[in-house]
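Letter by letter, the chains look like this.
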Amino acid sequence: MAKNHKNKIVMILAVILLVVLIVMSMMIGRYNLSFNDVMSYFFNRATSSTKLILKLRFTRILAVILVGAGLSMAGATFQSIFNNGLASPNILGVATGSSVGAAFAILSGMPIYMVELSAFVMGILTMFLTLIINHFLRNNSGMTLILAGIIIAGLMQSILGSIKYIADPEDQLQSIVYWELGSFMKVDLSSLASVGPVLLVGILFLFFARWRLNVLSLDEASVKTIGINPVLNRNLMIVVATLLTSAAVCLCGVIGWVGLVVPHISRSIVGSDNRISLPLTGVVGSILLLVADTLARSISVNDIPLSIVTGFIGVPIFVFILIRRKTTVV
Amino acid sequence: MSEIYTEKLSFAYDSQEIIGNVDLSLDDGQVLVILGPNGIGKSTLLSCLSGLHKTYRGAIKLEDRELKNISSRELSHRLALVSQGVNIKSSLSLYDYLLLGRSAFHGLFAQPDASDQQKVVEVLDLIGLKDFAEASVQDLSGGQKQLAQIGRALVQEPHLLIMDEPTSALDYKNQILVLKLIKALSDKNISIIISTHDPNQAMMVGDMVGLLIDNQTYIQGQTEEILTEDYLSDLYKTPIVSTFNTELQRNIFGTRMD
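Here the protein sequences come in this chain order: Z and U. Count along the first sequence from 1, then add 4; that gives the number in my numbering. Count along the second sequence from 1, then add 32; that gives the number in my numbering.
To be clear, the hints were calculated from the coordinates, so they are not data collected in a lab. There's no promise every hint is true.
With a straight-line Cα cutoff of 35 Å, these simulated DSBU-like cross-link-like pairs (lysine-lysine) come out [what the hints assert, rightly or not]:
no.	chain 1	residue 1	chain 2	residue 2
1	U	K151	Z	K12
2	Z	K7	U	K100
3	U	K100	U	K215
4	U	K162	Z	K12
5	U	K121	Z	K10
6	U	K151	Z	K10
7	U	K151	U	K121
8	Z	K10	U	K162
9	U	K121	Z	K7
10	Z	K7	U	K162
11	U	K162	U	K205
Between the sequences and the hints, there should be enough to build the whole structure, so can you do that?
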């Protein structure tokens, strides 16, 4: 079919664009490097000084790509199973909840894997609270889920505020505040090595389960009579999407807009079949976050918090898509 | 051979009995039409037969096996349900929407294969919507949406197709389209159970008719035995008159307006 052909081309172009951007991003920074420097790094022939810089940049870029894909695919998953175009890790409160868990663990001086676990547990707990509130508010509009998310995110924000209030202002407070707006500045090989595999597993899981996501957007009785357990499957997807969100939060803090906007960009290009739009969502998420992070670390002397950049990029795109209304919201 | 039958089937919700004492049976390849007033429990009965409510009392035997003991995966290969009045909000194309029914044959990480796509093409042809394969389901007309739902059930290749008021939200032309499809499916030896409000529709497609009179009384028999003035007047608590139409070669039903 002609449509499949077009979708394949879009996907290939997106991947090529991502590869080009990776190379460009490695060239750009406080010390600009040449294309040849970057190539010599990949073929293991770089001089030790450029090698050091490129190793740092490449580690950061890998983290950015994984987080960009992970957050966007988590957003697409939430939007698909809740049948709600406004569902995203941030709006459902999952991101803030995860950051409460992580902040608490940082405050207690726990090791990175405990920070990760704490973020995940709080993320799941937040999702659970949001779903309970939604259950009590429930009517047929998709707005109750969003309302529940806003309520619980507000609660988590207050808890996070309390943690900040009692945090040591010399050391802990700075790191908590900085990471509320998201940044990859502190990502190093060891943090990537501990969180990256979680992101990768989550991404691969959703990638392979993408057709099932389509089925789960049907009403519950239909899903059941297709022989699929709707509750079990939905919860499984929610757990994986929450895991991705909390892993991203552990690595680089809370990043706004990516999980909400990128699935809409992807659907506006290839339609809402997750078999095609979910992989594209992952690649576009990586592209968008890579552009944002490269700007964040290169347009000023200091790193700019990432949510500032993703907001400036994401908001106009989102408004544009909503006006064109090719995808349904709520 | 019997496709499905029940013995003293009853179902309670919040300790209130909604249906009771239903002895229903359907033979292979036949059409059973269930009539009954609003709120009498037609949807509940069909949900029980579809395996959606497994806390029923009494027995439901599908191909002589107790329904409770059949896994939902296996059940999805034997029967399919078209729910009542579901407004499809999906922005999937009709083709991809029908393909969802094929998930019944696949695991969590599977992608549809060539045989799945082949089946969808066959069903698109059968429901007469081949030209709309690429259209978004939510943009289809009411009648087409109903056909799309039936199509999604058909790609499961069910022996038994259960449809809850498949014509109730449709205009007259689309009602006839759906009734003709039911006839065609029955000719392909698919057993069908539908519920409806209209005795005329029962006359048009039913081999058997069941009446849900109250929550303790279910009567079933051959269409001609059951669709009588007496039974129908009793069912709807209003005088129903029937007359034989020579052109249509069947009884038609109505009521006096004075």
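- For which of the previously enumerated hints does the structure constitute a violation, in increasing order of number? 2
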